[in-house]
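Protein sequences appear in the order of chains E and Y. If you're matching positions, the first sequence starts at 1 in my numbering and goes up one per residue. If you're matching positions, the second sequence starts at 250 in my numbering and goes up one per residue.
Hints were generated in silico from the structure; no laboratory data involved. Don't take every hint at face value.
Partial chain E-side listing against chain Y, Cβ under 10 Å, derived [as the list claims (entries may be wrong)]:
#: 1; residue: Lys6
#: 2; residue: Asn71
#: 3; residue: Ala149
#: 4; residue: Asn170
#: 5; residue: Ala218
#: 6; residue: Glu238
#: 7; residue: Ser246
#: 8; residue: Leu249
In silico DSS-like links for lysine-lysine, alpha-carbon gap of 27 Å or less [said to hold, decoys possible]:
#: 9; chain 1: Y; residue 1: Lys337; chain 2: E; residue 2: Lys11
#: 10; chain 1: E; residue 1: Lys6; chain 2: E; residue 2: Lys146
#: 11; chain 1: Y; residue 1: Lys443; chain 2: E; residue 2: Lys147
#: 12; chain 1: E; residue 1: Lys146; chain 2: Y; residue 2: Lys337
#: 13; chain 1: E; residue 1: Lys16; chain 2: Y; residue 2: Lys337
#: 14; chain 1: E; residue 1: Lys104; chain 2: Y; residue 2: Lys337
#: 15; chain 1: E; residue 1: Lys91; chain 2: E; residue 2: Lys104
#: 16; chain 1: E; residue 1: Lys110; chain 2: Y; residue 2: Lys337
#: 17; chain 1: Y; residue 1: Lys263; chain 2: E; residue 2: Lys104
#: 18; chain 1: E; residue 1: Lys147; chain 2: Y; residue 2: Lys449
Backbone N, C-alpha and C fix where the C-beta goes; we use that ideal spot for every residue, glycine too.
Given next are the chains, with one letter for each unit.
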Amino acid sequence: MKIKLKVWRQKNASDKGNFKTYDLDDISEDMSFLEMFDILNEDLVKKNEDPIHFDHDCREGICGMCSMYINGHPHGPKQTTTCQLHMRSFKDGDTITVEPWRAKSFPVVKDLVVDRSSFDRVMQSGGYVSVNTGGVPDANEIPIPKKIADEAFDAATCIGCGACVAACKNASAMLFVSAKVSQLAMLPQGQVERKSRAENMVAQMDEEGFGACTNTGACSAECPKGISLENIARMNREYLGAKASSDNL
Amino acid sequence: MSWFSSAMSSTLGKKVLMALTGLFLVTFLIVHLIGNFQLLANDDGQSFNIYAKFMTTNPVIKTTSYLLYATFIVHIIWAIILTLQNRKSRPVGYAQTASNNSTWSSRNMGILGTIILIFLVIHLRNFWYEMHWGGIPTATYDGSEYKDLFSIVDFSFNNIFYVLLYTISMIGLMFHLYHGFKSAFQTLGLNHPKYNNLIKGLGYGIAIIIPALFAAIPIIMYLN
Ligand code: HEM
Ligand code: SF4
Ligand code: FES
């Protein structure tokens, strides 16, 4: 395949940055999107040019590290991660525009790499269970209905990639934060810190400068894990309920 | 900061206020629409003028109207605050964005609201201001004197530009409610498979029927 790549190049956080165009002639449609970048980068290194910096780790769709805003979609045209996107999703001769995630809370580090530590700080503010759970209990000791277990698991499949923020016109992190709040609010282990978790995670989300939700649904439509908007409604309930009834006066 | 002000100043709290004021405005629209039907009564405005006097003098309605003014102001100011905050959350935009991941109306609530706001200012100046403080002609029914608001409305609705403005604004309102009604329930955390279809259907019905009937009245009066 022949591909024309229009890629955002930016030397560092303070550089203004601009698009640069690269022509690739010999791309296999079985390559993943990141493998195409590997080929391009090898070429750039041979030519003594600065390779294009991008984030990646597992390359199997589970770590959430890969980013890239491709042709107007986070992770490209398919509802998956960039590492799991293949060149067969494009046509021979296509021009592909690749940009970094854009959000005040995800500042560009270099080229396509953005700093997503704002997500880490939201997690640190309450996305955990700190009670000592002791040894492994008997499987039947803590009864949880299958439906609840499934819903909690679905919420827990969020990989923290930030595509929801990238897709949202308001750069809102509601889908991510709501998945994390929901996952623990539905299970018995999460009850002890249930209210403070909702309060603190929302406060930290606001602190980081993410936008407010206008319920466009773009986040869920683009989320590689298909996290549902029901989680956002649940977080709204959790937060308002916690604010009205928690011990935190 | 007290728990209440911290809740209300969070992004979630601000949205809750948008949703509650928005839904209150929907109930106002329904009442307003029912009143407007009397414009079509074909009695030279008698029933409409009597109704208008009742609406501006009855103490319960008057008190509710102050709540309504406050609701509008809060809805508009909070809309501006949220829209600006949301803009600030993405200081550098994308070169290319997709539009197939969400509805147009959901992405343009600010623009749609602005259309409604422009309409509101003109509408209030022409009718509400005239009714309260304007030099308005009077009509006498059964020996009592009434302000003849009907003649003012009738005059405006014979102006094609006013009818067009009215119709375009109602299309704006249509899209605003098309997204806004169901969005308000989601904001309030009311999302449950038992009711979601009902809320959606009700929202689409309200979004289409209310503005369509509002717009039908000036169109009918213009054509007559
Ligand atoms: C009769 C008039 C109006 C009605 C019935 C109405 C109704 C609503 C409803 C039900 C919502 C949904 C709330 C939510 O998403 O939770 C909403 C949102 C909104 N309204 Fe209105 N509205 C009216 C007038 C206006 C005006 C005049 C403005 C403009 C300045 C405006 C601007 C907005 C904006 C920007 C939103 C989205 C806010 C957000 O989701 O963050 N609206 N409206
Ligand atoms: S909710 Fe979806 S898009 Fe957002 S961080 Fe989690 S996996 Fe990524
Ligand atoms: S590199 Fe891990 S999800 Fe893509």
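Taking the hints in turn, this is what the structure says about them:
For Lys6/E, the interface hint holds, the least distance from its beta-carbon to any beta-carbon of chain Y being 8 Å, beneath 10 Å. Interface restraint check for Asn71/E: the shortest CB-CB distance to chain Y comes to about 6 Å, inside 10 Å, so the restraint holds. For Ala149/E, the shortest C-beta to C-beta distance to chain Y is roughly 18 Å, which exceeds 10 Å, and the interface hint is violated. Interface hint at Asn170/E: satisfied, since its Cβ lies 4 Å from the closest Cβ of chain Y, which is below the 10 Å cut-off.
With a cut of 10 Å, the hint placing Ala218/E at the interface with chain Y holds, because the nearest CB-to-CB distance is about 4 Å. Annotation: Glu238/E was flagged as interfacial toward chain Y, and the flag holds, the nearest CB pair being 8 Å apart, inside 10 Å. Below 10 Å, beta-carbon pairs count as interface contacts, and Ser246/E has one with chain Y at about 8 Å; its hint therefore holds. Contact between Leu249/E and chain Y, as hinted, is supported at the beta carbon level, the nearest pair being about 6 Å apart and thus within 10 Å.
Note on Lys337/Y and Lys11/E: the hinted pairing holds, with a Cα-Cα distance of about 23 Å set against a maximum of 27 Å. With a C-alpha separation of about 47 Å, the suggested pairing of Lys6/E with Lys146/E is violated against the 27 Å cut-off. The suggested pairing of Lys443/Y with Lys147/E holds, with an alpha-carbon distance near 16 Å, which does not exceed 27 Å. The suggested pairing of Lys146/E with Lys337/Y is violated, with an alpha-carbon distance near 42 Å, which exceeds 27 Å.
Among the hinted pairs, Lys16/E with Lys337/Y is consistent with the structure: their alpha-carbon atoms are about 18 Å apart, no more than 27 Å. With a C-alpha separation of about 7 Å, the suggested pairing of Lys104/E with Lys337/Y holds against the 27 Å cut-off. At most 27 Å may separate the alpha-carbon atoms for a hinted pair to count; Lys91/E and Lys104/E exceed this at roughly 33 Å. Of the supplied pair hints, the one linking Lys110/E and Lys337/Y holds, its CA atoms being roughly 21 Å apart against a limit of 27 Å.
Restraint check for Lys263/Y and Lys104/E: the C-alpha separation of about 20 Å stays at or below 27 Å, so the hint holds. Restraint check for Lys147/E and Lys449/Y: the C-alpha separation of about 24 Å stays at or below 27 Å, so the hint holds.
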